[in-house]
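Protein chains: 4
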Amino acid sequence: MKYKLAMSATEVSAYMDEVFPQVRHLGFAVENLGPGEITVSMKIGNESLRPGGTVSGPTMFTLADCASYLIILAHIGKVALAVTTNLNINFLSKPGQKDLIATARLLKLGKRLAVCDIELRSRDEEQLVAHATATYSIPPRNDAPAASSA
Amino acid sequence: MKYKLAMSATEVSAYMDEVFPQVRHLGFAVENLGPGEITVSMKIGNESLRPGGTVSGPTMFTLADCASYLIILAHIGKVALAVTTNLNINFLSKPGQKDLIATARLLKLGKRLAVCDIELRSRDEEQLVAHATATYSIPPRNDAPAASSA
Amino acid sequence: MKYKLAMSATEVSAYMDEVFPQVRHLGFAVENLGPGEITVSMKIGNESLRPGGTVSGPTMFTLADCASYLIILAHIGKVALAVTTNLNINFLSKPGQKDLIATARLLKLGKRLAVCDIELRSRDEEQLVAHATATYSIPPRNDAPAASSA
Amino acid sequence: MKYKLAMSATEVSAYMDEVFPQVRHLGFAVENLGPGEITVSMKIGNESLRPGGTVSGPTMFTLADCASYLIILAHIGKVALAVTTNLNINFLSKPGQKDLIATARLLKLGKRLAVCDIELRSRDEEQLVAHATATYSIPPRNDAPAASSA
Chain P
11 MKYKLAMSAT
21 EVSAYMDEVF
31 PQVRHLGFAV
41 ENLGPGEITV
51 SMKIGNESLR
61 PGGTVSGPTM
71 FTLADCASYL
81 IILAHIGKVA
91 LAVTTNLNIN
101 FLSKPGQKDL
111 IATARLLKLG
121 KRLAVCDIEL
131 RSRDEEQLVA
141 HATATYSIPP
151 RNDAPAASSA
Chain H
11 MKYKLAMSAT
21 EVSAYMDEVF
31 PQVRHLGFAV
41 ENLGPGEITV
51 SMKIGNESLR
61 PGGTVSGPTM
71 FTLADCASYL
81 IILAHIGKVA
91 LAVTTNLNIN
101 FLSKPGQKDL
111 IATARLLKLG
121 KRLAVCDIEL
131 RSRDEEQLVA
141 HATATYSIPP
151 RNDAPAASSA
Chain W
11 MKYKLAMSAT
21 EVSAYMDEVF
31 PQVRHLGFAV
41 ENLGPGEITV
51 SMKIGNESLR
61 PGGTVSGPTM
71 FTLADCASYL
81 IILAHIGKVA
91 LAVTTNLNIN
101 FLSKPGQKDL
111 IATARLLKLG
121 KRLAVCDIEL
131 RSRDEEQLVA
141 HATATYSIPP
151 RNDAPAASSA
Chain D
11 MKYKLAMSAT
21 EVSAYMDEVF
31 PQVRHLGFAV
41 ENLGPGEITV
51 SMKIGNESLR
61 PGGTVSGPTM
71 FTLADCASYL
81 IILAHIGKVA
91 LAVTTNLNIN
101 FLSKPGQKDL
111 IATARLLKLG
121 KRLAVCDIEL
131 RSRDEEQLVA
141 HATATYSIPP
151 RNDAPAASSA
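Top line first, the protein sequences correspond to chains P, H, W and D.
Position one of the first sequence corresponds to residue 11 (this note's numbering), numbered consecutively onward.
Position one of the second sequence corresponds to residue 11 (this note's numbering), numbered consecutively onward.
Position one of the third sequence corresponds to residue 11 (this note's numbering), numbered consecutively onward.
Position one of the fourth sequence corresponds to residue 11 (this note's numbering), numbered consecutively onward.
Source of the hints: derived by calculation from the structure; they are not laboratory data.
Just so you know, these numbers come straight off a predicted model, no measurement behind them.
Incorrect hints may appear among the rest.
Selected chain P positions facing chain D (Cβ under 8 Å, derived; list incomplete) [to be verified]:
no. : residue
1   : Thr95
2   : Asn98
3   : Thr113
4   : Arg122
5   : Leu123
6   : Thr145
7   : Ser147
Every residue, glycine too, gets a C-beta built ideally from N, C-alpha and C.
Please build the complete structure, drawing on both the sequences and the hints.
Laid out in structure tokens, this is it:
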């Protein structure tokens with residue numbers, strides 16, 4: 011197996027609640043976690059809906075960013091703090107009035123940079139609602155000579 | 011002058027309050043509007059701050075998306091409804107605990123697609139906090155044969 | 011099946027040779043074509059190599075652009091002419107001195123826009139060399155009222 | 011002045027010829043270099059033209075990548091070797107049958123990452139032909155503890 015987890019789904023969930031209390035009201039939940047891949051769902055409530063009943067772009071961005079942050083964290087552990095440096099998102103179709111499901115997959119996990127792609131779908135639908143690619147800068151580890159900063 | 015406004019700053023502001031009531035609590039305001047360029051500010055309050063006192067990535071995404079939506083709207087008028095199809099954002103430096111200022115500029119205003127870039131800075135600072143490029147799909151006008159949809 | 015082919019692999023290959031004679035010397039070949047997905051390989055020769063023996067970024071861009079153009083063409087037929095409007099590419103690891111293999115997958119095939127993602131690997135390797143996302147504008151069909159242009 | 015040059019335009023040109031002999035036949039030339047900004051032109055010849063007489067997407071990618079590589083090099087010096095990690099390009103309008111001019115501007119020059127945007131125009135035209143944003147990874151300096159690699 012290429013990727014090796016450093017945290018369990020339960021640990022990742024608990025950490026998300028601790029450091030991102032603001033996403034709790036968005037109803038994010040870790041549904042599945044395996045080497046190189048995570049599934050995070052978002053309950054659809056009123057706040058994240060635009061007029062017309064669809065999920066807003068910024069809400070989809072938040073879900074994509076959160077899912078990819080968590081998949082990195084799950085592999086490097088919470089000692090390190092990854093920072094989003096780039097996120098590119100394509101909005102593909104109108105989401106339904108259902109929970110939104112993000113599947114984030116590691117494309118690369120380097121010492122300094124990690125790259126993921128993220129697929130967003132309405133629950134139980136095959137059609138993509140959005141697709142994103144994100145890059146995170148990983149700070150030098152504690153035990154390494156902390157010379158550089160992005 | 012290459013670009014010609016279809017709405018005034020006041021009209022754009024009023025329309026933003028009407029269709030995006032959810033951004034009102036984020037404290038967005040149109041500060042300046044001219045042909046091809048708009049400046050939108052965001053009041054920094056508690057909700058948009060991450061632990062550590064910095065503005066979150068999703069909040070910056072929201073501001074970038076809003077500013078570029080408004081600059082397109084200001085040129086095509088509110089009859090048409092542009093839809094974000096792509097947004098690419100680079101996070102460059104930590105924003106200060108100050109208002110965030112987005113300057114969106116039209117790179118292209120075609121019949122079917124509009125493209126903008128957006129620079130984000132803390133108020134009165136020269137350094138870029140983030141830079142984004144966004145593409146919007148413009149639906150066929152009412153008076154045109156409405157054959158196609160993206 | 012969601013996607014339906016309009017051309018065979020042989021037809022796509024012949025068309026590529028006809029309209030892109032300049033890619034012939036790059037040694038591009040359609041290896042596989044199915045609904046929603048194409049595999050295109052590139053022979054590694056001297057011209058596309060950088061000092062150090064790796065394939066250059068522009069060469070990888072060319073392969074990604076070509077593969078995604080061909081998968082769209084294979085579904086809409088050669089009557090229409092898709093135009094690249096956006097391409098976002100992440101370079102992930104050094105390619106080996108082997109053929110480069112691109113797998114392009116349709117994420118969306120709308121009337122006006124098509125979106126693909128493309129994975130690049132060295133032949134027989136699992137590790138990603140690069141990952142791209144591309145958007146193409148599809149011109150109005152001949153039989154439709156040709157009102158709009160991007 | 012925020013950015014400080016480490017090389018002159020002449021030194022940058024000479025270095026380009028030395029390490030990228032393959033771009034010489036593309037007719038690239040450094041036209042202007044100042045703190046934070048470079049202008050690179052490309053002679054339009056037969057090879058880079060598509061059927062229909064326009065410059066191909068890959069050729070524009072090559073010019074954008076080259077210009078942004080050179081502006082980083084001009085500031086960090088040739089000791090370090092920056093590597094493209096991400097390039098996002100929007101194609102905006104058909105270029106004329108004229109030289110193509112790229113203006114690359116530093117958006118960020120960090121210890122580990124540099125970000126540029128690049129505007130492409132036909133010579134003496136105001137309209138944008140393409141717009142790109144690129145990120146480069148900067149390897150640890152020789153004098154620093156070379157612990158990390160992207």
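Results of checking the hints against the structure:
no. : hint   : verdict
1   : Thr95  : holds, 6 Å
2   : Asn98  : holds, 6 Å
3   : Thr113 : violated, 21 Å
4   : Arg122 : holds, 4 Å
5   : Leu123 : holds, 5 Å
6   : Thr145 : holds, 6 Å
7   : Ser147 : holds, 7 Å
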